[in-house]
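Trainee: If you want the building blocks of each chain, they are given just below.
Number of protein chains: 4
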Amino acid sequence: MSSPHPSTDMLKQIREFTRTELIGKHEELDALSEAPLPLYDTFTKAGLANWWLPPELGGRGLGLEESVDIVSELSYGDAGVAFTTFVSILGTTMVSLYGSPELRERLLAPMAREGGFCATLGSEAAAGSELAKITTTATREGAGLVISGKKFFSSNSGFADFLVVIARSGDDPDEHVAVVVPRDSPGVTIERRWNMIGLRSSGTYQVSLDGCHVPMGNVLSGSGLRLLEIALNASRILIATTAIGVARCIRDLCMEYGKRKSLHGGKLVSNQVFGSKLADMEVGITVMRDVCRAAARDFDTLMKHPDAAGEFLREGTLKSAITAKMFCGRTGWDIASTGSEMFGGLGYTNELLVGKLVRDMRYVSIVEGGDDVLRDLLYKRFVIPVGKRG
Amino acid sequence: MSSPHPSTDMLKQIREFTRTELIGKHEELDALSEAPLPLYDTFTKAGLANWWLPPELGGRGLGLEESVDIVSELSYGDAGVAFTTFVSILGTTMVSLYGSPELRERLLAPMAREGGFCATLGSEAAAGSELAKITTTATREGAGLVISGKKFFSSNSGFADFLVVIARSGDDPDEHVAVVVPRDSPGVTIERRWNMIGLRSSGTYQVSLDGCHVPMGNVLSGSGLRLLEIALNASRILIATTAIGVARCIRDLCMEYGKRKSLHGGKLVSNQVFGSKLADMEVGITVMRDVCRAAARDFDTLMKHPDAAGEFLREGTLKSAITAKMFCGRTGWDIASTGSEMFGGLGYTNELLVGKLVRDMRYVSIVEGGDDVLRDLLYKRFVIPVGKRG
Amino acid sequence: MSSPHPSTDMLKQIREFTRTELIGKHEELDALSEAPLPLYDTFTKAGLANWWLPPELGGRGLGLEESVDIVSELSYGDAGVAFTTFVSILGTTMVSLYGSPELRERLLAPMAREGGFCATLGSEAAAGSELAKITTTATREGAGLVISGKKFFSSNSGFADFLVVIARSGDDPDEHVAVVVPRDSPGVTIERRWNMIGLRSSGTYQVSLDGCHVPMGNVLSGSGLRLLEIALNASRILIATTAIGVARCIRDLCMEYGKRKSLHGGKLVSNQVFGSKLADMEVGITVMRDVCRAAARDFDTLMKHPDAAGEFLREGTLKSAITAKMFCGRTGWDIASTGSEMFGGLGYTNELLVGKLVRDMRYVSIVEGGDDVLRDLLYKRFVIPVGKRG
Amino acid sequence: MSSPHPSTDMLKQIREFTRTELIGKHEELDALSEAPLPLYDTFTKAGLANWWLPPELGGRGLGLEESVDIVSELSYGDAGVAFTTFVSILGTTMVSLYGSPELRERLLAPMAREGGFCATLGSEAAAGSELAKITTTATREGAGLVISGKKFFSSNSGFADFLVVIARSGDDPDEHVAVVVPRDSPGVTIERRWNMIGLRSSGTYQVSLDGCHVPMGNVLSGSGLRLLEIALNASRILIATTAIGVARCIRDLCMEYGKRKSLHGGKLVSNQVFGSKLADMEVGITVMRDVCRAAARDFDTLMKHPDAAGEFLREGTLKSAITAKMFCGRTGWDIASTGSEMFGGLGYTNELLVGKLVRDMRYVSIVEGGDDVLRDLLYKRFVIPVGKRG
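Chains as they are written, first to last, in the numbering used here: chain A, 1239 to 1628; chain B, 1239 to 1628; chain C, 1239 to 1628; chain D, 1239 to 1628.
Incorrect hints may have been included.
Since the list gives no way to pick one copy over another, a pair counts as held whenever it fits inside one copy or between any two copies.
Mimicking DSBU-like on lysine-lysine, the simulated pairs with C-alpha atoms at most 30 Å apart in a straight line are [said to hold, decoys possible]:
#	residue 1	residue 2
1	Lys-1505	Lys-1542
2	Lys-1505	Lys-1618
3	Lys-1497	Lys-1388
4	Lys-1250	Lys-1542
5	Lys-1505	Lys-1263
6	Lys-1497	Lys-1250
7	Lys-1618	Lys-1497
8	Lys-1371	Lys-1497
9	Lys-1542	Lys-1388
10	Lys-1263	Lys-1497
11	Lys-1505	Lys-1388
12	Lys-1250	Lys-1263
13	Lys-1250	Lys-1618
14	Lys-1626	Lys-1497
15	Lys-1626	Lys-1263
16	Lys-1626	Lys-1542
17	Lys-1626	Lys-1505
18	Lys-1371	Lys-1618
19	Lys-1371	Lys-1388
20	Lys-1505	Lys-1371
21	Lys-1250	Lys-1626
22	Lys-1250	Lys-1371
Worth flagging that the hints you see were computed from the coordinates, not collected in a lab.
All of these numbers come straight from a predicted model, not from anything done at the bench.
Extracted from the complex, chain A is given alone in its bound form:
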């Protein structure tokens, strides 16, 4: 990138992609069509894929703070597309920080140059909010590991190039590892694609691993649960960020409707109660962006540290990251709830877009840790210890 403002360039390209590929195509995007949709090829061909990967691997090297506006823009078009394009960051962050140089080069360089996806396999049917209950095992066998288990919700795994699997160590059941499994490994089976309420242009899968052999070099260094926790900072911040884009879209739909809709001899847009609600939406949008950017700066600061891997191991979950996800989940839902009542009876039909937006918005508070789980974590880590309070 020779441009002096790589993020401005990127944002311009993202806006163009959103305008041409997403806006106005909601019916198809909402249809649970075959995943991944062809538009991801377009995204990759435009050189946009995996924009956060570092320049030394051939990536654009954009930070998380710059990603806030990128993801807001994409999710203005479609939250499922936004999610699909960024959620690989969960796996790439683990590999980038805790994989060997060989592994980084082997896995991440192609993603930076040619696009592609990775998936993280954490949760299991009985290990959702309590990941320590994971029963998938990684057992030593010869010079490598054998991975077996069943994973419940895993985004992108149906078409990812590789999977980062969190598994219980066969040597020590109190230990967990994070280990890379190529998706085409024998033993990897995509059991089903989940029929999701929203984000229907994305794909989330149930996956079974039946005796998958991988070399020891595929193991990331450090506790698998801690590594996952660290990488969740990035994806949670960007999940929070999708709420901004969806909320902006709801706001703009309301304003367009308000300009058309007659009321008491004027237009709805001149009604004070309408204005008051739109102002509240704008406040929410402004605050959500502030919060996501503040969290992203925290993440970027650690990422730029000479010993980023060590710093992240010490920090684990960032308060700002889970704050962003909780706050944007609620604020986004409030905006979606208000928006869904703005269009009269039409707003209760599938003629208008708002119904899809409400369904898309809902995921922010649910995916990668519900509010109750995160609140509990935040209380224990950042309120009980006096020195961690704000």
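For chain A, the structure is supplied; the task is to place chains B, C and D on it using the hints.
Mentor: Just chains B, C and D, lined up with the frame of chain A:
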């Protein structure tokens, strides 16, 4: 009915119907299948149809207060079915109070004895929250009237026996009439069925009326807009009531899930935060029922008045009726919002019922007057006049 | 009372009392002046005191449902006065249901005929939300009991005629008794009057009991904790009811201000956002009244049962009573919060009444069981048991 | 300042001041004692006064972003003290940007070196939310202006060194000026000090100006209303910031109480519902700080612009500034409301600090523009124009 407790009998039958015909059949009920579904025949054959019609016409004669638990029970099973079975009350109330004895006998007695539906055609594309903008006209021609216009949202009209049409008077454009049009009249065309976000076992239609001839005897006495306003009291109270049933269903699903779901070595049901949320749901359910019953008693009291027609003309909209709809719409939505976050990632898939319940619940705040419209009405009618305040 | 409508008469008298004694006297009522204020004499002389006491003891015998409007009216004038006049019901209910005929006659007949107060001494410094931790003891000595302990919050005890003390049994530390102690008994010391944030025309005291001798006939029959729980139904419903009166006063002050206040060339009262907020207040007021009346009817129904004492022992806490208190506490606080922002900068001075009303309103959610305590109780008693759900 | 980290030094000093002068002295601070309290001398002597004034005038030159933590810390001790120390920024910003070099030197240099206060006189009895209704006039007379009028709410004016008065121009009634009037000018009368509900260690006054003569050099350049609007950005951001400090204090009081308070055999601090509420407070605190800092950065960026005066004239009200005030007002109030229910009955007495904190918190949503006024402004300026949306 010889039973000393007709409402207890009825409620028992309704529970049986809900258990056998609705619970566990949500996939079909949510599928926007052909309307009306065969189960409405079952409902009619069980003698349950149009339970509020008066004994002198062959009906069960249950009051609105008794209808609260009936509708709560039905909507526990499926809100769309509940809505379909009660929304005829909008038309039957107008006919019952303001139709000639001949009209009442001709239209309502069959509905009481053999079931069947009626539909009310009020809103138009440009006359939703402002019904005074109605452009459908009723013009004198010979000994009768000719009705022409396009109606936007009309529930049940695709299969109703007759339609109560609100139209502008051809004689005086400041006047409106409510006039009965048999659905099989020449000129009545069902233009489309709306693809609704929820309540998908019900049918709401766009209807055009093209030169429909009706005799003068089909005209109800009084201003059409006022008559509609009066009858909306009944349907709004029952719309509010559906929120109770849906909320009860959400609560019970949460409790079932809470008993199964392991958490921190115990069950979710023992978690204090979970208990606190369920307690809040129960408070909401209790209060919604109190509010609906209070409004229903107000309605029943007027209905039992010797000059019910005159009393209702004087009262118009009841404060308690719009209070019930506004309150239950919001409280129901809060419960649905909380409920939708209770099931972890599974709650964001269509495997569980909660997604449908959220979509069903949404209608309470939207149909038959959004909150902004009702708040405005309530302020002008019941807050500005000192004597009308509570 | 020979009038056919005793409650209408009563309400008329209460309105007169409120108008002449309370409205416009807020400065004095808010001043933490000597308690009880002389106006309670006026109240008694008008024959209004303890209006719920039964006719056979010389009382007016008004039910709790009728008391809802009475207390709403009084608290429209001043919540502290309302509280002072009704909170004796906590003790009189226990004596009325579980005292010997002699005790009822001795204690309640004078209160019915001549007015006066009783106080209940339940909570202790370390036994607030957990009354089972009470350390005050009632030990047999000779033909009577000796009561010793320290009670934390007790309303009216500084001027009550008798105290109903909840104490741990000296015979069996797992048992508690409710026992009547005349306030002038040797050993009764009023330690301090609490400086309350609101309700400042009422008096709440810390009391010590140091070897107070009472005859066995002063003991009420049944478990002291259960008896207290039963009587709390009455006081909690009336505490909830005070929120209605305070909210009505806030609403009226807002409307008066809105009529005076100029805005954009008109009056604030014509502003749509203002109207929308006032409509929401009216909805809240309407719903609060419905909820309090529903709970009061539940209480009255049990009270009229031939075996009221036994029925209440079986029921204990009524779901409707704690629902009313929780709901009105929150709704009242929402209204107070909105109201406090309605008057611009003036609303932040002590020139206007709204600051006092906010402070008064706050008590509803705090006194006689905070929301967390009641939610926990409601969950365990009325949500976990399937048959108790609404 | 030779220190490489002036803001760290400052913050350390502020913490020390808060610890020694404010914490534990709430009774006096809440007493509406003589203003200004002697502690402001201590503040000045420590070199802390007016910390934002630029180095070229002898000030510390700290930016608004750095002021966020300073004001949060002060208001952790006492919001009234925080408000008193920063609200001069309203006047100093106007003088700094739009006063002549002579005026800046004459007025601001002493404030930077020796402390002191200035006050802004904007609102009038009939010109609160609509400042364009100001009737105070500034009329040319000889070589100067004569100012006459009555000003309603003016903080610090009872003890300020000079007043910045917003007045209608005598030449053109459509124009307004901002003009400096020394407080000791003949004709300036402090009519009364307002008895405020909270912030009682601060002083807000009603002031009359009766023919006050000032030279033309005292007039600031530009429209008085626009200048006021510009300067309000700074004070509104810092008003928002006080909510952070008060909220942090509430949180810490809750945690201290939670550690002491026994519940169900453990401590309240281990209760999940308690933890959940505290986590929500922490989320609120974190987000408020993010929002205030983002707004402060916006302000600082403009302030550092070579043509700051011109840039501010173009921008006027910053969206981020009113967003911060609205958001922190509401979030702070939610935290205060929750906090006020945390301490059981004791929390309803004046024994505990929480009652004062609730009263202090309330001002954030009221002072310098209520939410309805700001929402209206935000809608018109930043939502209707498409390009201004977030």
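Trainee: Each of the hints needs a verdict: does it hold here or not?
Mentor: Structure-based check of each hint:
no., hint, result
1, Lys-1505 <-> Lys-1542, "neither (51 Å within a copy, 42 Å between copies)"
2, Lys-1505 <-> Lys-1618, "between (50 Å within a copy, 15 Å between copies)"
3, Lys-1497 <-> Lys-1388, "between (52 Å within a copy, 23 Å between copies)"
4, Lys-1250 <-> Lys-1542, "both (25 Å within a copy, 28 Å between copies)"
5, Lys-1505 <-> Lys-1263, "within (28 Å within a copy, 44 Å between copies)"
6, Lys-1497 <-> Lys-1250, "within (28 Å within a copy, 51 Å between copies)"
7, Lys-1618 <-> Lys-1497, "between (48 Å within a copy, 14 Å between copies)"
8, Lys-1371 <-> Lys-1497, "between (53 Å within a copy, 18 Å between copies)"
9, Lys-1542 <-> Lys-1388, "neither (36 Å within a copy, 57 Å between copies)"
10, Lys-1263 <-> Lys-1497, "within (23 Å within a copy, 42 Å between copies)"
11, Lys-1505 <-> Lys-1388, "between (56 Å within a copy, 22 Å between copies)"
12, Lys-1250 <-> Lys-1263, "within (20 Å within a copy, 49 Å between copies)"
13, Lys-1250 <-> Lys-1618, "between (42 Å within a copy, 27 Å between copies)"
14, Lys-1626 <-> Lys-1497, "between (48 Å within a copy, 17 Å between copies)"
15, Lys-1626 <-> Lys-1263, "between (46 Å within a copy, 26 Å between copies)"
16, Lys-1626 <-> Lys-1542, "within (22 Å within a copy, 33 Å between copies)"
17, Lys-1626 <-> Lys-1505, "between (50 Å within a copy, 21 Å between copies)"
18, Lys-1371 <-> Lys-1618, "both (20 Å within a copy, 29 Å between copies)"
19, Lys-1371 <-> Lys-1388, "within (12 Å within a copy, 49 Å between copies)"
20, Lys-1505 <-> Lys-1371, "between (56 Å within a copy, 14 Å between copies)"
21, Lys-1250 <-> Lys-1626, "between (39 Å within a copy, 18 Å between copies)"
22, Lys-1250 <-> Lys-1371, "neither (44 Å within a copy, 45 Å between copies)"
Taken one by one, the earlier hints fail for this structure at numbers 1, 9 and 22, listed in ascending order.
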